[in-house]
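If you want the building blocks of each chain, they are given just below.
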Amino acid sequence: MKNIKTILKNETQKKVLLFFNENPHCIDTAKGISVWVGCDTSAVKKALNKLVKEGALINHRTASTDAYSYTNQRAIVKKIERCIKNL
Amino acid sequence: MNESSKRENKEFLLKFYGSNSMQLFENAFSANIGKREHFLFLDSGCRPVRGKKKLNQCAKNLAKKIRQGPPREIQVFYGASNNICVVIPVRQGDNIYGYILAPASGNKPAKETLLLMKSFMDIALKEFQKEQELTRLYDTIRPRAIALSTIHTIHRLLSSTLDMDELIERMARLTLQVMRAGHCSIMLMDDSRNYLVPKAVIDLKNNLGKAHKKHRRIKLGVGTEGKVARTGKTVLSRNSICVPLVEEDIIGVICAKDKANNATFTKFDQEILLTLAEQAVIAIKNAQLYEEQKKMAYGSIRSLATLLDIKSPSMYTHSDKFVKIVIAIAEEMRVRGEDLRNLRYAALLPDTGRFTIPDEILKKEGGLSKKEYAIIKKQHLESLKILEPLEFLKPAMPIITHHHERYDGTGYPSGLKGKNIPVGARIMAVADAFEAMVTLRPYKDRGITIPQAIKEIEGNRGTQFDPGVVDAFMAVTNKPEFKNYFTAGLR
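Here the protein sequences line up with chains A and B, keeping their order.
If you use the working numbering, the first sequence corresponds to residues 1 to 87, in order.
If you use the working numbering, the second sequence corresponds to residues 1 to 491, in order.
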């Protein structure tokens, strides 16, 4: 994960990251997560893919379902938590 | 009033103190009576609710007066130097949570103004209670709604595969995510029902997230997993949680250990894992049924192949090596899943279409007459009718039917051309021709060498055979394991 601060500059990415930090056990689709964070599904989908690329989230993909969960790499989680505290 | 009620009242008052509803009351009070900055909050025992804050002498005197005769309604008190102070009880029914001491900035407020403030306070309290109720609902229902949605997503992820190995590993990874654990193992009961066999073990610390099956089996009743499998009861400890997989009987266990941030596993985790285990059991059972169905289908095809072989060895079926070549080419061409399985079925019964073709035509060496060729085309389709009742072979039928088509459209039975020929049939055509060239069969005493056969296949690239399939075939022939396919029976 290169630059969390840059990620957090995008409002949807920030909301999604805060959501997963608060609910780290959650596994959900873009549509589901868009309900939890109160943002448009397509924007959430874009944010989710960006966060997967950055290593903050994991993508669980099957032929019929595309789901996302928080990273289980504890070093990344700690890094995210440090940044969130300073928000 | 007991200590617990006092504590609850104080908590309520503190929350009310910082709430939006209180802000609204303060605004109304400031506009009508006095400044909000001078508000003092006292609990029902007339102590300041913000513990360390000391009361000034005036407030102390007031507190003393209030203690002597606690007002139940909004009331005006006179402090030192005849300062006017309004005392507003924060009250609902008989319960007084505390008091607000609010100095008035001017004259004694009119009775109507005090009544108005009382109404404002009632509204503010009601609003605050609604706010509290919403917060409570949010705090209790939202995590459960998220958990429910998670379980639903997991169900979707699990039900999208019927491959047992893939399913179990996926299940372990999802459990690891949901439990926020560092270690997850899924063990299933063996056939003797005396041991638990590890099917997937993921340890983030030691295996960098890779699932493996090298762990030892566990005897029932031994260790946490063994005990859970024997008793069917969940074991929840600070650092681990283990739940049984129960269908009618116990079929296995799911265990999670080492929660993130050294947190402890909770009853909520247990609730979630039990629900997940229920989903897992359904998915495992579906996968097991599917495996059994596959085995039955495969067994039926093998029986049929054996019967055909008894009638005339190697006439209607080919060797296992043929099947391996077909599959190797298909894998090289990235044919996967159901398509690969159907191709395997087709490769077991490639020449069932010969069944009703007279032997003298089948065993004839040299070219066929037009009449003989017409018989082959007609009888090929006729013979395949014996496979029609086998429902599970339906997807494989186009492969069996069309593997005598030629890429240039001059084959049989339909004269299909190029990509109109099913890909499986194009693959089987190459393997079939190759095996026919290099195998010694009862009706054919001459074969050619493997390099000659490969050259022949390459020579018919784009005419008899699909160029893409020939490329894949050539790639397969260059693989070291290819040579192992031909240890006997081929030249």
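One or more of the hints may lead you astray.
Dumping the calculated EDC-like pairs for lysine to aspartate or glutamate here, alpha-carbon to alpha-carbon at most 20 Å [to be verified]:
#: 1; chain 1: A; residue 1: Lys-15; chain 2: B; residue 2: Asp-139
#: 2; chain 1: B; residue 1: Lys-394; chain 2: B; residue 2: Asp-339
#: 3; chain 1: A; residue 1: Lys-78; chain 2: B; residue 2: Glu-291
Simulated from the structure, these hints should not be mistaken for lab results.
These are the hints, each one checked on the structure:
For the given pair, Lys-15 (chain A) sits about 18 Å from Asp-139 (chain B) by alpha-carbon distance, which is consistent with the 20 Å threshold. A hinted pair counts as satisfied when its Cα atoms are at most 20 Å apart, and Lys-394 (chain B) with Asp-339 (chain B) qualifies at roughly 12 Å. Note on Lys-78 (chain A) and Glu-291 (chain B): the hinted pairing is violated, with a Cα-Cα distance of about 43 Å set against a maximum of 20 Å.
Against the hints set out earlier in the document, a violation occurs for number 3 only.
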